[in-house]
Amino acid sequence: MKENVIIDLKNISVKFGDNQVLKDLNLYIRDKEFITFLGPSGCGKTTTLRIIAGFIEPDEGEVIFEGKKINGVPPHKRQVNTIFQRYALFPHLNVYENVAFGLRIKKIPEKQIKETVEEMLALVNLKGFNKRNINSLSGGQQQRVAIARALAVKPRVLLLDEPLGALDLKLRKDMQVELKNIQQRLGITFIYVTHDQEEALSMSDTVVVMDSGVIQQIGTPLDIYNEPKNAFVADFIGESNILDGVMLSDGLVEFSGARFECLDKGFAKNEAVDVVVRPEDVDVVDPQKGMLSGEVTSVTFKGVHFEIIVDIGGFKWMIQTTDYQPEGSVIGLYIEPDAIHIMKKSEYSGIYGDYSSFSEEFDELSDPEEVEEE
Amino acid sequence: MSNRSTLGAKLIAAPYIVWSVLFIIAPLIFVVYYSFTTVDGSFTLANMAELGKYAPTFLRSIWFGIVATVICLIIAFPLAYFISQKTDKVQRTMVMLVMLPMWMSFLIRTYSWMALLQDTGIINSFLAKLGIDAVHMINTPGAVILGMVYNFLPFMIMPIYSVMAKLDHSMVEACQDLGGNRLTVIRRCIIPMSMPGVVSGITMVFVPSVSTFYISQKLGGGSFDLIGDVIERQFQQSYNYNLGAAISLVLMVLILVSMAVMNRFTEDEEGMVI
Numbered sequence: 003m004k005e006n007v008i009i010d011l012k013n014i015s016v017k018f019g020d021n022q023v024l025k026d027l028n029l030y031i032r033d034k035e036f037i038t039f040l041g042p043s044g045c046g047k048t049t050t051l052r053i054i055a056g057f058i059e060p061d062e063g064e065v066i067f068e069g070k071k072i073n074g075v076p077p078h079k080r081q082v083n084t085i086f087q088r089y090a091l092f093p094h095l096n097v098y099e100n101v102a103f104g105l106r107i108k109k110i111p112e113k114q115i116k117e118t119v120e121e122m123l124a125l126v127n128l129k130g131f132n133k134r135n136i137n138s139l140s141g142g143q144q145q146r147v148a149i150a151r152a153l154a155v156k157p158r159v160l161l162l163d164e165p166l167g168a169l170d171l172k173l174r175k176d177m178q179v180e181l182k183n184i185q186q187r188l189g190i191t192f193i194y195v196t197h198d199q200e201e202a203l204s205m206s207d208t209v210v211v212m213d214s215g216v217i218q219q220i221g222t223p224l225d226i227y228n229e230p231k232n233a234f235v236a237d238f239i240g241e242s243n244i245l246d247g248v249m250l251s252d253g254l255v256e257f258s259g260a261r262f263e264c265l266d267k268g269f270a271k272n273e274a275v276d277v278v279v280r281p282e283d284v285d286v287v288d289p290q291k292g293m294l295s296g297e298v299t300s301v302t303f304k305g306v307h308f309e310i311i312v313d314i315g316g317f318k319w320m321i322q323t324t325d326y327q328p329e330g331s332v333i334g335l336y337i338e339p340d341a342i343h344i345m346k347k348s349e350y351s352g353i354y355g356d357y358s359s360f361s362e363e364f365d366e367l368s369d370p371e372e373v374e375e376e
Numbered sequence: 069m070s071n072r073s074t075l076g077a078k079l080i081a082a083p084y085i086v087w088s089v090l091f092i093i094a095p096l097i098f099v100v101y102y103s104f105t106t107v108d109g110s111f112t113l114a115n116m117a118e119l120g121k122y123a124p125t126f127l128r129s130i131w132f133g134i135v136a137t138v139i140c141l142i143i144a145f146p147l148a149y150f151i152s153q154k155t156d157k158v159q160r161t162m163v164m165l166v167m168l169p170m171w172m173s174f175l176i177r178t179y180s181w182m183a184l185l186q187d188t189g190i191i192n193s194f195l196a197k198l199g200i201d202a203v204h205m206i207n208t209p210g211a212v213i214l215g216m217v218y219n220f221l222p223f224m225i226m227p228i229y230s231v232m233a234k235l236d237h238s239m240v241e242a243c244q245d246l247g248g249n250r251l252t253v254i255r256r257c258i259i260p261m262s263m264p265g266v267v268s269g270i271t272m273v274f275v276p277s278v279s280t281f282y283i284s285q286k287l288g289g290g291s292f293d294l295i296g297d298v299i300e301r302q303f304q305q306s307y308n309y310n311l312g313a314a315i316s317l318v319l320m321v322l323i324l325v326s327m328a329v330m331n332r333f334t335e336d337e338e339g340m341v342i
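Taken in sequence, the protein lines are chains A and B.
All letters in the first sequence, in the order written, are residues 3 to 376 by this note's numbering.
All letters in the second sequence, in the order written, are residues 69 to 342 by this note's numbering.
Bear in mind the hints are in silico, worked out from the structure with no lab data behind them.
No residue lacks a Cβ here, since even glycine has one placed at the ideal position from N, Cα and C.
Incorrect hints may appear among the rest.
DSS-like cross-link-like pairs, simulated, lysine-lysine; straight-line CA separation at most 27 Å [as the list claims (entries may be wrong)]: (1) K79/A to K231/A; (2) K34/A to K182/A; (3) K79/A to K129/A; (4) K79/A to K157/B; (5) K17/A to K157/B; (6) K17/A to K154/B; (7) K129/A to K172/A; (8) K129/A to K108/A.
Chain A stretches covered by chain B per the calculated footprint, using a threshold of three residues with CB under 8 Å from any CB of chain B [stated by the list, open to error]: (9) 230–240; (10) 266–278.
Listed next, the stretches of chain B that the computed footprint assigns to chain A, with coverage defined by at least 3 CB atoms under 8 Å from CB atoms of chain A [as the list claims (entries may be wrong)]: (11) 137–149; (12) 230–242; (13) 271–278.
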């Protein structure tokens, strides 16, 4: 199982003053994979990245690179390179010299430097920008220079610290595709840090969901979305209705006053659990035919679908449907067994997954994305 | 829109315009006027012709100015870097310490150096107690340059420090990340990015050093006349305003030329003071 491991983090703990940033973190990263650390601000994702880069030394634990312990090895002696949040390009050098920077430090012959720089600039679609001043470039172009500069020194692992955070939505989507292409073409490991779950799901081979300095779940994007381990993961990735339930027996769960067939097994009889139902997995039917029924309290048009909030026994469900349902109408819900996902109770139970206080504005306010992480 | 000067904008600018006309433009015109006239006000080039005999003084002033500036730079650059690496609180304290001497009169500080450097001064009395022979320090070129360095050092430290304090630390990390050890980081990252501060500092030390007076009279004992002293004497003792103005004008032109040369090194860099 542990073949091809390039980086292994063992029992890493970090404290900044009284603030425990990482708690006993264990993680291995395979060679050539695209792995993403995903989590809200302050979850420790950037700190983990900086430990791998060598800018932070962990208080406890080992950092292993290709089987060798590299604790205490300074950043300039590590075979990893970083794309910084605000690019950190050198303003006193032009595009060519920025990309050539690492090669010049390595004292590579001038002819070879020229070849590599041209190759890298072609890779990031910046041919002919050699003499341009850094400050005359747009954010997207600066981003490309930063990528070319880091890749020019042929790192084994590329660390990307929220590299697309400063770009607008359209450009961000283009760069996502491009980064993924570059990673596959070069066949090197990318370690990507983001708080944007969509970015994480669409680019990564493996997603590491973190919160409060602890890894909540590691898995493929599909696993993370379909089989969240706890209420935090279910809420952070996509939209989720998270309900208190009781597991009556294998394949039978009770919540919202009704019994449902499900596919989950292996829980104790009558064990209290968290039940996740994704808004898009619920079918709207006539009230008589529904397994549950309730009153529509709000409808929002989202383009592809309507987002409906339904009050069922005081719990507000979010449902996404393509059929318009007027506010105040009573509708029935039908849920397939494979649409129900059962999770063990955790410290996050009861905090997330109810849409009674739901509003877009509130959602944005409570999302501390803009806060600087350090 | 931004170029439209409304009445309000004009009113706000008015005091500054009056100020610069009264205290910058008018004196400049007087200097030029006196330079090319005789005592009774008729046009002459005699003042300019007389400048030739002050050539050695000009050269000495420029030479002392260059030496003082270089010494200031050598001291200030590492010191500014050292300060900029400290925590905010320590930085504030150290900047205060750098500024502190400037709160005392320039004259008092120069007199203090006299007391320190004299043949029977504080340093030599101390050396005598240790049984070391007295060292002749006052009235040497070294003493004059020491006086310049001491007085103008803060003007070198401050601009360099303020540029360094604002340097984005991620640049330093990027340099390390790309394979730079500590020396490389300083050589290829910190020094080039501090250049705007260095250029400001050089200007702010070189200009007053070249034109200073008094320091050379008190610490040089009058044997190392600088051009500032000559100008002062023309106005204060010989009452030859015309010659004084001519020397001032040439000095000003020399300084402007040297600054223009300096500025070429940092074309389109931000942070220029002058």
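Hints and how they fare:
no. : hint             : result
1   : K79/A to K231/A  : violated (38 Å)
2   : K34/A to K182/A  : holds (12 Å)
3   : K79/A to K129/A  : violated (30 Å)
4   : K79/A to K157/B  : violated (32 Å)
5   : K17/A to K157/B  : holds (22 Å)
6   : K17/A to K154/B  : holds (21 Å)
7   : K129/A to K172/A : holds (22 Å)
8   : K129/A to K108/A : holds (24 Å)
9   : 230–240          : violated (count 0)
10  : 266–278          : violated (count 0)
11  : 137–149          : violated (count 0)
12  : 230–242          : holds (count 5)
13  : 271–278          : violated (count 0)
Of the numbered hints given earlier, the model fails hints 1, 3, 4, 9, 10, 11, 13; all others are met.
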